[in-house]
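Student: Below, each chain spelled out in residue letters.
Protein chains: 2
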Amino acid sequence: MSKRLFVIKIGGNIIDHPEGLNRFLERFASLRGDKILVHGGGKIATRMAADLGIEAKLVAGRRITDEPMLRIVTMVYAGLTNKQVVAGLQAYGCNAIGLSGADGNSIRVVKRPVNEIDYGFVGDILPGSVDADAIAALLDIGFVPVFSAITHDGHGQLLNTNADTIASAVAVALSSRYRTSLVYCFEKRGVLRDVNDEYSAIAEIRAGEFEDLKASGIVADGMVPKLHNAFDAIAKGVDEVCIGHADDLHLLRDQQFGTRMIR
Amino acid sequence: MSKRLFVIKIGGNIIDHPEGLNRFLERFASLRGDKILVHGGGKIATRMAADLGIEAKLVAGRRITDEPMLRIVTMVYAGLTNKQVVAGLQAYGCNAIGLSGADGNSIRVVKRPVNEIDYGFVGDILPGSVDADAIAALLDIGFVPVFSAITHDGHGQLLNTNADTIASAVAVALSSRYRTSLVYCFEKRGVLRDVNDEYSAIAEIRAGEFEDLKASGIVADGMVPKLHNAFDAIAKGVDEVCIGHADDLHLLRDQQFGTRMIR
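These protein sequence lines map, in sequence, to chains A and B. Reminder that position 154 of the first sequence reads as 154 in UniProt numbering, one-by-one numbering, no gaps. Reminder that position 60 of the second sequence reads as 60 in UniProt numbering, one-by-one numbering, no gaps.
Relax, there's no trap hidden among the hints.
Partial list, computed: chain B residues near chain A (C-beta under 8 Å):
1) Thr74
2) Val76
3) Gly104
4) His155
Since the hints were made in silico from the structure, they are not lab data. All C-beta atoms in this analysis are idealised placements derived from N, C-alpha and C, irrespective of residue type, glycine included.
Chain A on its own, in the form it takes in the complex (with noise of 0.2 Å):
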């Protein structure tokens, strides 16, 4: 039987606080085996932005990345915000290696095509893009890959690539090889079975209940395309998908961390 292997991935919302972030990574050296992990942007380089006067472009709502805007998420994300981790987690003394898609050529995107909005540069992640090889090799060393939300397209292009699905695609690379657990943290504690009762998290959702739970309202909203999205992932190859809050992820490897998603 191969081994497991979990993918994690933060946002913002634990990048954003210093006392919740060393939580996590205090947590996540703690875990077991071989794991990866995905971090979003936070609000610095919005920040950053805005003090050096750099106006964030959005156009019919969607955010869009210009030349000065890819140089600023190129610096905080792939610099200030992964290294940052990344020393936070030697601090624990988790092996950690911080990367970009650049990096080892790990994940190689395509420049997303102009066609009513021109996003600028970002990169979509295509069948292919993650290198599972160059990846795996990093594992098998001993390293921890942390990846920013940063990739390249192969020509010298660097690229900025939600990191959820980079979650997500490096989870699928990676599932021909281990048994692959990708996890989403997130500020609730799973998929709540009552939306005001923060500790009604669904144990388990199995892919033919999606669309019942759909139905009865019970997963509604936002939490539409996470799941759809998770169960695309297992479609792929992924053994599990959980759901839950940062501060559970001690509780991952005795499957009771917020909610779990399985075939």
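Got chain A sorted already, so can you dock chain B onto it with the hints?
Tutor: Just chain B, lined up with the frame of chain A:
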């Protein structure tokens, strides 16, 4: 006989000029065999600090890395510059992987003690600071490490460290398993016999000739510490130290690059 390893350092004079940088990256990518790149900072960090209204602090003529400046150099050196260099090398088919000293715990330093001057968040490399096993493991799986001049103390603190010193320490640490060439690219074609003649570079200097060259005034001013550090690295195990112009990098394998210092 052990394999040859090139440890090549480029400074701000190359980083700051896109055309020259691109030419260098193409030549570096073409260099056969095991190799490591170490890059300095350039003027982007200084400009970024000015744009953010952060003043560069000097005490007794020495540059101080205070907390706001550490954030900026981490963003610019380990983020923007490092990832642009890595993506540029990838475009030339060189499987670069960008690193700070925190990544893979590759360079673990000590914050400079405060004596007359508090340099702030500056890290000094001590014997044993460089993890040759970690770096060799990356070389063994086919990656080309690209170091920025950011390190860590192992307790979660990132630190600013001189890029020349990093290059030298990495070369010394790896000299027990490779025949190591330490290569400094600068704005001249080598140690010039006549400072007014760009093409008067001395081909080779042996350790025993250094004192005579100093006494005769041929090696003077800023070249004295450069050569002193070169022969120090050779005494500690480095096979040769080469100093010359980045544009001549293609001549390195034929021992026609700048000035070559040997035991």
